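Protein chains in written order, with our numbering: chain V, 1 to 110; chain Y, 1 to 137; chain X, 1 to 102.
Hints in this document: simulated from the structure, not taken from any laboratory. Predicted model only: the values in this text are computed from it and were never measured. Where hints are given, some of them may not hold.
Here are some chain X residues the structure puts well away from chain Y; computed CB gaps all over 12 Å [what the hints assert, rightly or not]:
1) GLY27
2) ASP28
3) ILE71
4) VAL93
Restricting the straight-line Cα-Cα distance to at most 35 Å, the calculated cross-link-like pairs of lysine-lysine (DSBU-like) are [said to hold, decoys possible]:
5) LYS105/V / LYS7/Y
6) LYS30/V / LYS72/V
7) LYS8/Y / LYS58/X
8) LYS95/V / LYS7/Y
C-beta: ideal position from N, C-alpha, C; glycine also.
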Amino acid sequence: MSYEVNGQTVEHDEEGYITNLSDWSEDLAKVIAEQEGIEMTDEHWAVVNFLRDYYEEYQIAPAVRVLIKAIKKQMGPEIGNNKHMYELFPYGPAKQACKIAGLPKPTGCV
Amino acid sequence: MMEEGVKKFLYVNRKAPYGTIYALEALEVVLIGAAFDQDVSLAFLDDGVFQLTRDQNTDGVGVKNFSPTFRALGDYDVNKLYVERESLEERGLTADDLQEIVYEDEDDDWAEKPSIRIISRAEMADLMHDQDVILSF
Amino acid sequence: MSTLHTVNKSPFATQSLLSCINHVKDGDAILLIEDGVYGAAAGTGVSDAVAGKAGSVKFYVLGPDLEARGIPATRLLEGVEVVDYAGFVGLAVEHDRAQAWL
Numbered sequence: 001m002s003y004e005v006n007g008q009t010v011e012h013d014e015e016g017y018i019t020n021l022s023d024w025s026e027d028l029a030k031v032i033a034e035q036e037g038i039e040m041t042d043e044h045w046a047v048v049n050f051l052r053d054y055y056e057e058y059q060i061a062p063a064v065r066v067l068i069k070a071i072k073k074q075m076g077p078e079i080g081n082n083k084h085m086y087e088l089f090p091y092g093p094a095k096q097a098c099k100i101a102g103l104p105k106p107t108g109c110v
Numbered sequence: 001m002m003e004e005g006v007k008k009f010l011y012v013n014r015k016a017p018y019g020t021i022y023a024l025e026a027l028e029v030v031l032i033g034a035a036f037d038q039d040v041s042l043a044f045l046d047d048g049v050f051q052l053t054r055d056q057n058t059d060g061v062g063v064k065n066f067s068p069t070f071r072a073l074g075d076y077d078v079n080k081l082y083v084e085r086e087s088l089e090e091r092g093l094t095a096d097d098l099q100e101i102v103y104e105d106e107d108d109d110w111a112e113k114p115s116i117r118i119i120s121r122a123e124m125a126d127l128m129h130d131q132d133v134i135l136s137f
Numbered sequence: 001m002s003t004l005h006t007v008n009k010s011p012f013a014t015q016s017l018l019s020c021i022n023h024v025k026d027g028d029a030i031l032l033i034e035d036g037v038y039g040a041a042a043g044t045g046v047s048d049a050v051a052g053k054a055g056s057v058k059f060y061v062l063g064p065d066l067e068a069r070g071i072p073a074t075r076l077l078e079g080v081e082v083v084d085y086a087g088f089v090g091l092a093v094e095h096d097r098a099q100a101w102l
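All chains, full assembly: derive it from the sequences and hints.
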């Protein structure tokens, strides 16, 4: 199973999470997002970039409540709230956004 | 006062980080368990103190370096990491050999405070005695 | 309030038994199981440590694990009590919490 991006093949698991984290690019993120039925806006990118930075620093994808708290601090309560996050990523902000960000499925995510 | 239904959980870490899977498993259980809003503490004694040392780099051994993840625990409201002084001393370590781990105190204008607390063996025994549930790794 | 401590490793392979002994409170109980039962024998390198604590803490050892390893009751340190599986359960019920020393 793989994504095709700019002539490159990027392997992913059965749920769509990429196998090698270093394969990620912004173009790949757009491809994954499209398959998820999401059109990337600045707000989507802010979440994706936050997730990538968090993973880079702590080696884990944050739990949803940690993500929302951080986005609230960074972008304000209008965006950093549960409802808005689910509007951006209808199948779950951590689960779906992590997939687009090229990270493993978050720990404790059922 | 503790809210009703909140129990004191202590995760006891006594193993070095990479020789066995215990340390990583413990950390994953702590992260998942954090969703249940209990009063959580972590204890590091015996070889468990090696989990918190600075400058770990696993690039050459092909396993994930999970030591940075301890620094995320504050985000999960896990901010009591008790380290036994005697265990450090027996291994030729001091508090300076441990990485810095902080949390933001919600009740004090989000001031950054240290999560690691060095305690004596006797205090560790008291801490264990003061728990509702002890999970050993 | 008291704790039931279990130790399942040989005291000659790991520090678990000694670490346990160093952290128990008066009135606690220590139950030796699996390879931990080797710590219950007299005349070993850890006998003094166990005997020295036996005044303030009660030591138990799991019978089936002793028998499996061919350790006769006559070799046990004085004051160590042998329990069966039902006794193990009883100890778990009697104490307020259990702590495993792995």
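So, going through the hints one by one against the coordinates:
1. GLY27: violated, 10 Å
2. ASP28: Label violated. Min Cβ-Cβ 8 Å, cutoff 12 Å.
3. ILE71: Since the minimum Cβ distance to chain Y is about 25 Å, ILE71/X lies beyond 12 Å and the statement holds.
4. VAL93: holds, 16 Å
5. LYS105/V / LYS7/Y: Holds. LYS105/V to LYS7/Y sits at ~29 Å (cutoff 35 Å).
6. LYS30/V / LYS72/V: Holds: LYS30/V and LYS72/V sit about 24 Å apart, inside 35 Å.
7. LYS8/Y / LYS58/X: holds, 25 Å
8. LYS95/V / LYS7/Y: holds, 29 Å
Violated hints, in rising order: 1 and 2; the structure is consistent with all others.
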